[in-house]
Amino acid sequence: MQYYIRIDNRNVYVSEEIYKLYCKGERKERYFRESDIHNKTFYYNALDTEDLNGCDLFQDTRSKPVDEQAEESLEHSLLLEAMKDLEPKEKDIIRRIYCYDQSLRQISRETGVPVTTLHYRHGKILRKLRSLMG
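At position 73 of the sequence shown the residue is numbered 73 (UniProt numbering), and the sequence of numbers has no breaks.
Read the hints as simulated data drawn from the structure, not as lab findings.
Check before you lean on any hint, since a few could be wrong.
Simulated pairs of lysine-lysine, DSBU-like, Cα-Cα distance not exceeding 35 Å [said to hold, decoys possible]:
id, residue 1, residue 2
1, Lys124, Lys64
2, Lys40, Lys24
3, Lys89, Lys124
4, Lys89, Lys128
5, Lys64, Lys91
6, Lys84, Lys128
7, Lys128, Lys64
8, Lys40, Lys28
9, Lys64, Lys84
10, Lys20, Lys40
11, Lys91, Lys128
12, Lys64, Lys40
13, Lys84, Lys124
14, Lys91, Lys124
All chains, full assembly: derive it from the sequences and hints.
Here it is in C-alpha coordinates:
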(Lines of atoms letter the chains of each structure in order from A and count residues from 1; the text may use other names and numbers.)
(Lines give C-alpha, C1' and ligand atoms only; values in the text may rest on other atoms or scores of the structure.)
Protein backbone atom coordinates (compact mmCIF):
# COMPACT_ATOMS: atom_id res chain seq x y z
CA MET A 1 0.00 0.00 0.00
CA GLN A 2 1.28 3.47 -0.87
CA TYR A 3 0.90 6.44 1.46
CA TYR A 4 0.93 10.06 0.46
CA ILE A 5 0.52 13.44 2.10
CA ARG A 6 -0.68 16.59 0.44
CA ILE A 7 1.93 19.38 0.27
CA ASP A 8 1.32 22.52 -1.82
CA ASN A 9 -1.60 20.87 -3.65
CA ARG A 10 0.58 17.93 -4.69
CA ASN A 11 0.54 14.37 -3.47
CA VAL A 12 3.92 13.36 -2.06
CA TYR A 13 4.44 9.63 -1.53
CA VAL A 14 5.93 8.72 1.85
CA SER A 15 6.56 5.66 3.98
CA GLU A 16 3.91 4.32 6.33
CA GLU A 17 5.86 5.55 9.37
CA ILE A 18 6.10 9.13 8.03
CA TYR A 19 2.43 9.05 7.05
CA LYS A 20 1.32 8.01 10.55
CA LEU A 21 3.52 10.65 12.22
CA TYR A 22 2.19 13.32 9.86
CA CYS A 23 -1.43 12.34 10.51
CA LYS A 24 -0.84 12.22 14.24
CA GLY A 25 0.60 15.76 14.22
CA GLU A 26 -2.10 17.03 11.89
CA ARG A 27 -4.80 15.50 14.10
CA LYS A 28 -3.24 17.08 17.18
CA GLU A 29 -3.26 20.51 15.53
CA ARG A 30 -6.89 20.07 14.49
CA TYR A 31 -7.78 18.99 18.04
CA PHE A 32 -6.23 22.15 19.49
CA ARG A 33 -7.96 24.37 16.91
CA GLU A 34 -11.32 22.74 17.63
CA SER A 35 -10.71 22.99 21.36
CA ASP A 36 -9.91 26.71 21.01
CA ILE A 37 -13.11 27.27 19.04
CA HIS A 38 -15.17 25.34 21.59
CA ASN A 39 -13.60 27.21 24.54
CA LYS A 40 -13.78 30.55 22.70
CA THR A 41 -10.04 31.05 23.11
CA PHE A 42 -8.65 34.17 21.47
CA TYR A 43 -5.00 34.76 20.64
CA TYR A 44 -3.57 38.24 20.31
CA ASN A 45 -1.46 37.15 17.36
CA ALA A 46 -4.73 36.79 15.42
CA LEU A 47 -4.61 40.60 15.25
CA ASP A 48 -1.12 40.65 13.71
CA THR A 49 -0.62 42.63 10.52
CA GLU A 50 2.48 43.47 8.52
CA ASP A 51 2.88 46.73 10.45
CA LEU A 52 1.56 45.75 13.87
CA ASN A 53 2.06 43.01 16.41
CA GLY A 54 -1.33 42.10 17.95
CA CYS A 55 0.17 41.77 21.44
CA ASP A 56 1.26 45.43 21.31
CA LEU A 57 -2.38 46.53 21.29
CA PHE A 58 -2.81 45.29 24.85
CA GLN A 59 0.33 46.62 26.49
CA ASP A 60 -0.03 48.21 29.89
CA THR A 61 0.99 51.76 29.02
CA ARG A 62 1.03 52.73 32.70
CA SER A 63 3.84 50.35 33.57
CA LYS A 64 7.46 51.14 32.89
CA PRO A 65 9.59 49.09 30.52
CA VAL A 66 11.38 46.14 32.11
CA ASP A 67 14.84 47.70 31.72
CA GLU A 68 13.72 50.84 33.57
CA GLN A 69 12.14 48.73 36.32
CA ALA A 70 15.37 46.75 36.71
CA GLU A 71 17.43 49.93 36.83
CA GLU A 72 15.15 51.46 39.47
CA SER A 73 15.30 48.29 41.53
CA LEU A 74 19.09 48.30 41.41
CA GLU A 75 19.25 51.99 42.36
CA HIS A 76 16.79 51.38 45.19
CA SER A 77 18.89 48.56 46.64
CA LEU A 78 22.06 50.68 46.31
CA LEU A 79 20.31 53.55 48.09
CA LEU A 80 19.19 51.28 50.94
CA GLU A 81 22.76 50.04 51.37
CA ALA A 82 24.08 53.62 51.34
CA MET A 83 21.46 54.70 53.89
CA LYS A 84 22.87 52.17 56.35
CA ASP A 85 26.11 54.18 56.46
CA LEU A 86 24.42 57.46 57.43
CA GLU A 87 24.39 58.84 60.96
CA PRO A 88 21.02 58.70 62.79
CA LYS A 89 20.57 62.51 62.50
CA GLU A 90 21.29 62.34 58.76
CA LYS A 91 18.79 59.50 58.33
CA ASP A 92 16.19 61.52 60.24
CA ILE A 93 16.56 64.51 57.91
CA ILE A 94 16.31 62.33 54.79
CA ARG A 95 13.26 60.46 56.15
CA ARG A 96 11.47 63.68 57.08
CA ILE A 97 12.09 65.21 53.64
CA TYR A 98 11.48 62.20 51.39
CA CYS A 99 9.28 59.83 53.41
CA TYR A 100 7.14 62.24 55.41
CA ASP A 101 7.23 64.97 52.73
CA GLN A 102 8.16 67.69 55.21
CA SER A 103 9.69 70.96 54.09
CA LEU A 104 12.89 72.31 55.59
CA ARG A 105 10.81 74.99 57.35
CA GLN A 106 8.59 72.36 58.99
CA ILE A 107 11.63 70.40 60.14
CA SER A 108 13.19 73.63 61.43
CA ARG A 109 10.09 74.44 63.50
CA GLU A 110 9.99 70.94 65.00
CA THR A 111 13.71 70.55 65.71
CA GLY A 112 14.77 74.15 66.36
CA VAL A 113 17.60 73.89 63.81
CA PRO A 114 17.83 76.91 61.46
CA VAL A 115 16.58 76.39 57.89
CA THR A 116 19.94 77.41 56.39
CA THR A 117 21.71 74.79 58.49
CA LEU A 118 19.19 72.14 57.42
CA HIS A 119 19.65 73.16 53.78
CA TYR A 120 23.42 72.79 54.10
CA ARG A 121 23.11 69.42 55.86
CA HIS A 122 20.63 68.16 53.26
CA GLY A 123 23.07 68.97 50.43
CA LYS A 124 25.93 67.39 52.35
CA ILE A 125 23.91 64.21 52.97
CA LEU A 126 22.95 63.94 49.28
CA ARG A 127 26.60 64.30 48.24
CA LYS A 128 27.53 61.63 50.78
CA LEU A 129 24.85 59.27 49.43
CA ARG A 130 26.02 59.83 45.84
CA SER A 131 29.58 58.97 46.79
CA LEU A 132 28.46 55.87 48.72
CA MET A 133 26.35 54.68 45.78
CA GLY A 134 29.32 54.79 43.51
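Margin query: Hint check: Lys91 vs Lys128, CA-CA at most 35 Å. Holds or violated?
Written below: 12 Å, holds
Next item on the list: For the pair we were handed, Lys64 and Lys40, check the Cα-Cα distance against 35 Å.
Entry: Answer holds: Lys64 to Lys40 is near 31 Å, not above 35 Å.
Note to self: Tell me if the straight-line CA distance from Lys40 to Lys28 falls inside 35 Å.
What the structure shows: Answer holds: Lys40 to Lys28 is near 18 Å, not above 35 Å.
Notebook entry, point to check: Can the restraint linking Lys91 and Lys124 be considered satisfied, given a maximum Cα separation of 35 Å?
Noted result: Distance of about 12 Å is within 35 Å: holds.
Note to self: Lys20 and Lys40 were given as a pair; does the straight-line alpha-carbon distance stay at or below 35 Å?
What the structure shows: 30 Å, holds
Item checked: 35 Å limit on alpha-carbon distance, applied to hinted pair Lys84 and Lys124 -> This hinted pair holds, its Cα atoms lying about 16 Å apart.
Margin query: Please verify whether Lys40 and Lys24 have alpha carbons no more than 35 Å apart.
Written below: Roughly 24 Å separates the two Cα atoms, so the pair holds.
Next item on the list: Mind checking the alpha carbons of Lys64 and Lys91 for me, to see if they're no more than 35 Å apart?
Entry: Holds, because 29 Å separates the two Cα atoms, which is no more than 35 Å.
Next item on the list: Could you grab the alpha-carbon distance between Lys89 and Lys124 and see if it respects the 35 Å cut-off?
Entry: Holds - the C-alpha atoms of Lys124 and Lys89 are around 12 Å apart, at most 35 Å.
Next item on the list: Verify the proposed pairing of Lys84 with Lys128, using a straight-line Cα cut of 35 Å.
Entry: Status holds; Cα separation ~12 Å.
Check: Would the pair Lys64 and Lys84 pass a check requiring their Cα atoms to be no farther apart than 35 Å?
Finding: 28 Å, holds
Notebook entry, point to check: Between Lys124 and Lys64, is the straight-line Cα distance small enough, at 35 Å or below?
Noted result: 31 Å, holds
Of the numbered hints stated above, none is contradicted by the structure.
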